[in-house]
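Put together the whole structure using the sequences plus the hints.
Protein chains: 2
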Amino acid sequence: MKTYLDCYPCLMRQALQASRFANLSESAQQSILKSVMESLSELPEGTSPPVIAQLIHRIVRAESGHNDPYRAVKITSTQNALNLYDRLRIQIDEAIDPIDLAIRLSIAGNIIDFGISDHYDLEDSIHRVMTKPLAVNDIENLKTRLKTIKSLLYLGDNSGETVFDRLLIETLVKHYQLPVTYVVRGSATINDVTYLEATEAGLDKVCSEIIDNGSDAPGTLLDDCSSDFVTRFKHAELIIAKGQGNFESLSEVDAPLFFLLQAKCNVIANELGVQEFDLIVKGPKG
Amino acid sequence: MKTYLDCYPCLMRQALQASRFANLSESAQQSILKSVMESLSELPEGTSPPVIAQLIHRIVRAESGHNDPYRAVKITSTQNALNLYDRLRIQIDEAIDPIDLAIRLSIAGNIIDFGISDHYDLEDSIHRVMTKPLAVNDIENLKTRLKTIKSLLYLGDNSGETVFDRLLIETLVKHYQLPVTYVVRGSATINDVTYLEATEAGLDKVCSEIIDNGSDAPGTLLDDCSSDFVTRFKHAELIIAKGQGNFESLSEVDAPLFFLLQAKCNVIANELGVQEFDLIVKGPKG
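Chains as they are written, first to last, in numbering that gives the first Met the number 0: chain A, 0 to 285; chain B, 0 to 285.
No lab work stands behind these hints, which were simulated from the structure alone. In this text the structure is predicted, and so the values were computed from the model without any measurement. Glycine included, each C-beta is placed from N, C-alpha and C at the ideal position. Misleading hints may appear alongside valid ones.
[Stated by the list, open to error] Estimated spans, in silico, between C-beta atoms of each pair: (1) B:I89 / A:K142: 55 to 63 Å; (2) B:T75 / A:T130: 32 to 40 Å; (3) B:R19 / A:E208: 44 to 52 Å; (4) A:N79 / B:T75: 37 to 45 Å; (5) B:P43 / A:R86: 52 to 60 Å; (6) B:Q78 / A:G201: 53 to 61 Å.
[What the hints assert, rightly or not] Below are the DSSO-like pairs computed for lysine-lysine, each with C-alpha atoms no more than 30 Å apart in a straight line: (7) A:K233 / A:K284; (8) B:K33 / A:K263; (9) A:K33 / B:K263; (10) A:K33 / A:K1; (11) A:K1 / B:K33; (12) A:K173 / A:K131; (13) A:K1 / A:K131; (14) A:K142 / A:K284; (15) B:K284 / B:K263; (16) A:K284 / A:K131; (17) A:K173 / A:K146; (18) B:K146 / B:K131; (19) B:K33 / A:K33; (20) B:K263 / A:K263; (21) B:K1 / A:K33; (22) A:K263 / A:K33; (23) A:K173 / A:K149; (24) B:K284 / B:K1.
Shown next as C-alpha cells:
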C-alpha cells in the first residue's frame with residue numbers, strides 16, 4: 000500500500016511521539032521533525048508507510064542512543080493483556096464457536112498500536128469484536144483452509160496484542176493440531192513485538208517456534224527481511240498477518256495471506272472500503 | 000503564543016483539508032504539503048500558529064484560484080446555528096442568569112472550527128456548556144467590567160459561531176445598553192467570519208457596527224491588521240476575543256482582553272493548564 004497524503008501529518012505525529020518516548024530534548028525533537036519532513040518531501044512514488052516509519056524510528060533511536068524507547072509501554076501493554084488472559088481463555092473455551100471468538104479477540108488486541116495513538120481502551124475493543132459484525136469477513140474461508148494445512152505462519156504485530164495472538168494460537172493448536180510459527184520483528188520499532196515480548200506473552204509455550212524477520216520495520220517489508228524468513232514466507236501454506244503495518248507492507252504481495260486487523264485510521268479504512276475501527280478478516284482474492 | 004511542535008502535524012492536516020476544500024488535484028495537494036513543510040522547517044522562533052495558517056490558506060487560495068474554499072461550509076454552519084436561534088433565545092431570556100448562559104452558549108458555538116476538525120457536534124457542545132463548570136472562569140470579573148464601560152469591541156472567530164455571538168451580544172445590549180462593535184477578518188481564511196457571514200448571522204441587526212481587521216490571518220495579528228482596526232483595538236475599554244486563533248495571536252498582548260473559547264487541542268489546553276475541550280473565560284491578569 001502506498002503512503003497517502005493523509006499519512007504525512009500522521010507520520011509527523013508519530014515521529015514526535017517517538018522522540019518524546021525517547022526523552023529527546025525539544026530541539027532534538029524539532030530536528031527529527033525536520034528530517035521527517037525532508038524524507039516526506041522526497042518520497043519515491045509508491046513507498047509504503049512502514050518504510051517511512053522504519054526510517055523515523057531509526058533516526059529516533061540513533062539520536063537518543065535508546066535502542067528501544069517503547070520498552071516500558073510494551074511491558075505494561077503485555078501485563079494489561081495478561082491480566083485478561085484467564086477470563087478470555089474461559090470465554091473462548093465455553094463459546095459455541097471458539098475459533099470464531101478467538102479470531103475476533105485476536106483482532107481486539109490489535110487496538111494496542113502506539114503507531115496510531117498512545118492510549119487505547121482494551122475493554123471497549125473486546126466489547127466491539129464481540130458485538131459488531133466484521134466489515135470484511137473471510138472467517139469461513141480461513142477456517143476451511145486451516146483444516147487442510149500442515150503448518151501455519153503467524154506474523155505478529157504489537158506487544159500486548161501478543162496475548163490475544165496466544166489465545167488464538169492455543170485455540171488453533173487445540174482444534175486443528177497445527178504447529179504454528181510466530182514471527183516477530185528483527186529488532187525494536189514502535190511498540191512492535193520482538194522475541195523478548197513474544198516470550199513475555201507466553202507465546203513460546205504455545206508456538207512450535209518463534210522466529211524473527213530480520214527487519215526493524217513496523218511491518219513486513221520482504222526486501223528488508225532476512226533470506227531465512229523470506230524463504231519461510233514463500234513456502235508457507237497459510238499466513239496470518241496481524242495489524243495495519245503488515246497489511247500496509249503485504250497487501251500487494253501474492254501469497255496465501257489472511258489479514259486480521261482493525262482499520263484504525265481513515266487511510267486504511269478507505270483502502271479497505273470500510274469505516275474507521277471496522278474489523279477485518281481479509282483472505283486472498285478468489 | 001508560539002507554535003509548538005505538536006502544531007506541525009496539525010498544520011499539515013489543515014493544509015491537506017484546505018487543499019481538498021479547494022478541489023485541488025492530488026499532485027497540487029502534495030505540492031502544498033511540501034510548501035508547508037518547507038515553511039515549518041524554516042520557522043522563526045516564536046512564530047504563532049495563525050501566521051503559518053495564514054500562509055497555508057494564502058497558498059491554497061492562490062494555487063486553486065478559489066478565493067474562499069470554505070464558503071459552502073460557512074453557509075451551512077450559519078444555517079445550522081440559525082436553526083437553533085429561537086430555542087436558545089428563549090432559554091437565555093428565561094434563565095436565572097441570562098448573561099452567564101449567553102456567555103456559555105457563545106463558547107458552545109466555538110466548536111464550529113474547521114481549523115481543528117471538519118465535523119462538529121453542536122448539540123453536544125451546547126450540552127457541555129450548560130452542564131460543565133468552566134475550567135477558567137472570569138465571568139464575574141467580566142460582568143463587573145461590562146457595567147463600567149461605554150462600548151465593547153467583540154472579535155469574532157468562526158462562521159456559525161457568529162449566531163451564538165449574536166445571542167450574547169443581544170443579551171449584553173439588553174442588560175447593559177452597550178453599543179457593540181463586531182470585528183470580522185479582512186478576507187476569507189478557513190471558515191472564519193468575514194463581513195458577509197456576519198450579516199448572514201444577523202449580527203448587523205444587533206451590533207452598532209461591523210468592522211473588519213484588514214487581515215486574512217485566522218486570528219488577530221496586530222502587525223498584519225489595518226491601522227484603523229489597530230487604533231480601535233488600542234483604545235478599546237474592553238475586548239471580547241472569541242476562539243483559539245484570537246487567543247493564539249493575542250495571548251501575550253497587553254490589553255483589556257477577555258478570551259472566550261473551548262480548548263479544542265492539547266496544545267491550547269496545556270498552554271492554559273486545562274483539559275482538552277474545557278471551557279474558558281479568561282480575563283486580564285490582576
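Quiz prompt | Hints the structure fails to honour | solution = none
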